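Protein chains: 2
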Amino acid sequence: MMDYKKIDAGDVEYLVSVLGKDRVFTGEEINDDFSHDEMGGISRTPDVLVDVLTTEEVSKIMKYAYDQRIPVVARGSGTGLVGASVPVYGGIMINMSKMNRILEIDEENLTLTLEPGVLLMEISDFVEEHDLFYPPDPGEKSATIAGNINTNAGGMRAVKYGVTRDYVRGLEVVLPNGEILEVGGKVVKNSSGYSIKDLICGSEGTLGIVTKAILKLLPLPKKAISLLIPFPSLDMAISTVPKIVKSKAAPTAIEFMQREVILAAEEYLGKKFPDNSSDAYLLLTFDGNSREEIEKAYEKVADICLKEGAVDVFIVDTDERKDSVWSARGAFLEAVKASTTDMDECDVVVPRNKIAEFIKFTHELQSRFHVRIRSFGHAGDGNLHVYVLKDALSEEAWKKKLAEVFEAMYSKSRELSGLVSGEHGIGFAKKVYMLEQYSQEYVELMKNIKLAFDSKNILNPGKIFQ
Amino acid sequence: MMDYKKIDAGDVEYLVSVLGKDRVFTGEEINDDFSHDEMGGISRTPDVLVDVLTTEEVSKIMKYAYDQRIPVVARGSGTGLVGASVPVYGGIMINMSKMNRILEIDEENLTLTLEPGVLLMEISDFVEEHDLFYPPDPGEKSATIAGNINTNAGGMRAVKYGVTRDYVRGLEVVLPNGEILEVGGKVVKNSSGYSIKDLICGSEGTLGIVTKAILKLLPLPKKAISLLIPFPSLDMAISTVPKIVKSKAAPTAIEFMQREVILAAEEYLGKKFPDNSSDAYLLLTFDGNSREEIEKAYEKVADICLKEGAVDVFIVDTDERKDSVWSARGAFLEAVKASTTDMDECDVVVPRNKIAEFIKFTHELQSRFHVRIRSFGHAGDGNLHVYVLKDALSEEAWKKKLAEVFEAMYSKSRELSGLVSGEHGIGFAKKVYMLEQYSQEYVELMKNIKLAFDSKNILNPGKIFQ
Chain A
1 MMDYKKIDAG DVEYLVSVLG KDRVFTGEEI NDDFSHDEMG GISRTPDVLV DVLTTEEVSK
61 IMKYAYDQRI PVVARGSGTG LVGASVPVYG GIMINMSKMN RILEIDEENL TLTLEPGVLL
121 MEISDFVEEH DLFYPPDPGE KSATIAGNIN TNAGGMRAVK YGVTRDYVRG LEVVLPNGEI
181 LEVGGKVVKN SSGYSIKDLI CGSEGTLGIV TKAILKLLPL PKKAISLLIP FPSLDMAIST
241 VPKIVKSKAA PTAIEFMQRE VILAAEEYLG KKFPDNSSDA YLLLTFDGNS REEIEKAYEK
301 VADICLKEGA VDVFIVDTDE RKDSVWSARG AFLEAVKAST TDMDECDVVV PRNKIAEFIK
361 FTHELQSRFH VRIRSFGHAG DGNLHVYVLK DALSEEAWKK KLAEVFEAMY SKSRELSGLV
421 SGEHGIGFAK KVYMLEQYSQ EYVELMKNIK LAFDSKNILN PGKIFQ
Chain B
1 MMDYKKIDAG DVEYLVSVLG KDRVFTGEEI NDDFSHDEMG GISRTPDVLV DVLTTEEVSK
61 IMKYAYDQRI PVVARGSGTG LVGASVPVYG GIMINMSKMN RILEIDEENL TLTLEPGVLL
121 MEISDFVEEH DLFYPPDPGE KSATIAGNIN TNAGGMRAVK YGVTRDYVRG LEVVLPNGEI
181 LEVGGKVVKN SSGYSIKDLI CGSEGTLGIV TKAILKLLPL PKKAISLLIP FPSLDMAIST
241 VPKIVKSKAA PTAIEFMQRE VILAAEEYLG KKFPDNSSDA YLLLTFDGNS REEIEKAYEK
301 VADICLKEGA VDVFIVDTDE RKDSVWSARG AFLEAVKAST TDMDECDVVV PRNKIAEFIK
361 FTHELQSRFH VRIRSFGHAG DGNLHVYVLK DALSEEAWKK KLAEVFEAMY SKSRELSGLV
421 SGEHGIGFAK KVYMLEQYSQ EYVELMKNIK LAFDSKNILN PGKIFQ
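First to last, the sequence lines map onto chains A and B.
Here the numbering used here is used: position 150 in the first sequence is 150, and no number is missing along the way.
Here the numbering used here is used: position 59 in the second sequence is 59, and no number is missing along the way.
It is possible that part of the hints are untrue.
The list makes no distinction among identical chains, and a pair is therefore deemed to hold if it is satisfied within one copy or across any two copies.
[What the hints assert, rightly or not] Listed below are the simulated DMTMM-like cross-link pairs for lysine to aspartate or glutamate, each with C-alpha atoms no more than 25 Å apart in a straight line: (1) 272 <-> 312; (2) 412 <-> 106; (3) 160 <-> 293; (4) 243 <-> 107; (5) 456 <-> 441; (6) 360 <-> 108.
Rather than coming from a laboratory, the hints here were simulated on the basis of the structure.
All figures in this text were calculated on a predicted structure; none of them were measured in a lab.
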């Protein structure tokens, strides 16, 4: 299956004939950034890198690559964490990030039509100016929308608003053989054949290249207020979450954090967090259209938390406090990264009443393996981000230890009916753990689906299940 | 592809060996109900009908059928409207409706685990007793949950809460070759490989047989109030909808109805509607946790409607009024059906700002083709239910006229960027219209996906695209 044609001068010539010399790069012209993502533990430089501006260009390149059997990887901002956009078989990398226009905001149908390379931060800025709202809110705001679609990115607001898939109404996709397909549209409901749109969402660039997306928007809530709630222990904090979820208060986000991560963020940012005296915290957000409505909701939740043993309840409503809390939350990943020499991340998702058990288990692993482990994440939806830190370990010792710790964590996740990835995907780095969880038939079925789209297996090979 | 083994005595003997004599039916023992659904325009009796009680039984039957190349159709309540569960190639029909136990309500993770044959009305009764809420609300409450999953049923609350797909967290599925697969789970987020769960949703029984489902629940809103709003014309009513949707008032449902359908319902039920003096109505529902919150929302919407020309605003809050409005709304389909000799239905979905244009077009068709056309539907999500009535036409004239009217309607829908089905599916009856809309590559891709699941094409053949 993996017997690909090696790129030669003729291939480069073809690409130049389609795109012009200025948008085709080889050898030393390719910036090293394109050889890796943010943390996939794998790198390889593509044989050719091309910048595209139109769907037709993507289509022509795919037709050619399909004919010639050349592997192709589409890439956005490269902010992935599992190596999904690394061209492990070389070949052509298509840089989608210059197809980055917002094409239409439709205020009657509440949709936004845009090109794949638009950044998450650009979307929120743009739609909020129109008093509209794109709810998915992953931490990495410089990711592209197509990257988010391909990982089915989740983010902090999933507990109330759902994930990226829930906001994708339609897609234009270039298939591996170069055909252009439109699936879905501006319509709200759709039972017209297999939901190819939903299959593309989360397929990590292996089934087609997204060249346009139609997103669902909501009216922008008028107000949002956060609560920072310290607890004496993580256990007490986490066990409060199901009670909050059931309370009809509908928080937008329920994040958990522990003191050690807060301290790291304080050091990294050189800025104080409102409180760092407790072991564990819940950070909740509420949104709505009136202050009274939000107050009613958060008062109910504050009562629940205090009854369950919370030490205090800080209302995060001044600009200063908002900034200090959310800039810290936004910096957790970077802060943990800065505190060590290297690290890797586990993005398991477990049923939300199993979070505490999982986190306690990672604490045991710290002692058992003599390694630092840090975590934070989405208590409201059971999606954890657990980081194993290299610190002073040798490269060899680190690889070995990391494999052992990951093996233990993913095995624990299976025991708790969790899954390998809540929102970062499988890509290259998490294949082995997914393959341990899914039956042979399951994997076989995914391979068959892949072949249904890509009979020559040229689009982003070596990912998810192969 | 369609060269199937004909059922013989040996096959029946095998089925009896798995299920016992009492649960295997042939010939005259098969009730005629199993030969058709509610309105697919097609009927055929299966060669064998079997009742199953366990996943293992389904698995054994599928393994056998796969080996022998016998077509199989799984059937729930038979409330479909497009012939999706009719065994057009004969073979085995598996009646799933006795696998109808609710297995678990998990109040910490807000999930409901249940067998495929549980009825929609049983779900709402059960979860509401636990102060929880399953939002999808199709009109047909005697449909099974697996039927709803297989059509990705929508219903009236889609404008606020989404469709069935959005509430399916996990599935147990028996594949065509008899393998049992679990996809998803109780987890809230999932980026762990291709979303086979989302592909099964809406696949109309062609990819696998759902034997268990894990549904997402929400806390039950404490109150709901409806508004009935008469308008001088349908146009005025419908053009108000985008303004309502943008208003942040978040109605749960926005239905439209016209006087003629209301009159039919009054006659059918022998019961008065609160008002029938206007040409067109919007019926809106608001839910929430306090009367003030709901009042604020509906007052805003009432103001918008009056500004846009509404004649009046009736608040539907007494039990009596609720009953008269919602029993009428619930009886529309039956009332229209009772008013004629035969009818067929078009379930297009268009962008919601195109509804008025589509409905006006159906009025033109009434005059052009001298045929009665009635419609009602989901103004909030652009999903229309348009009924063409046979009345006194001969069978032959009716078939011809229906084909012409449908051709005109589906062609109009395409012009408006609509899709063939919003929630009833393609099944057998709407294949031709879907095939007119989708490109050859699109259809080819669906066929390839089908083969990825079912290389022998034995599960519900002759549906959607073939």
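Here is what the structure says about each hint:
no.	hint	in the structure
1	272 <-> 312	within (18 Å within a copy, 57 Å between copies)
2	412 <-> 106	between (46 Å within a copy, 21 Å between copies)
3	160 <-> 293	both (16 Å within a copy, 18 Å between copies)
4	243 <-> 107	between (37 Å within a copy, 9 Å between copies)
5	456 <-> 441	both (21 Å within a copy, 16 Å between copies)
6	360 <-> 108	between (49 Å within a copy, 19 Å between copies)
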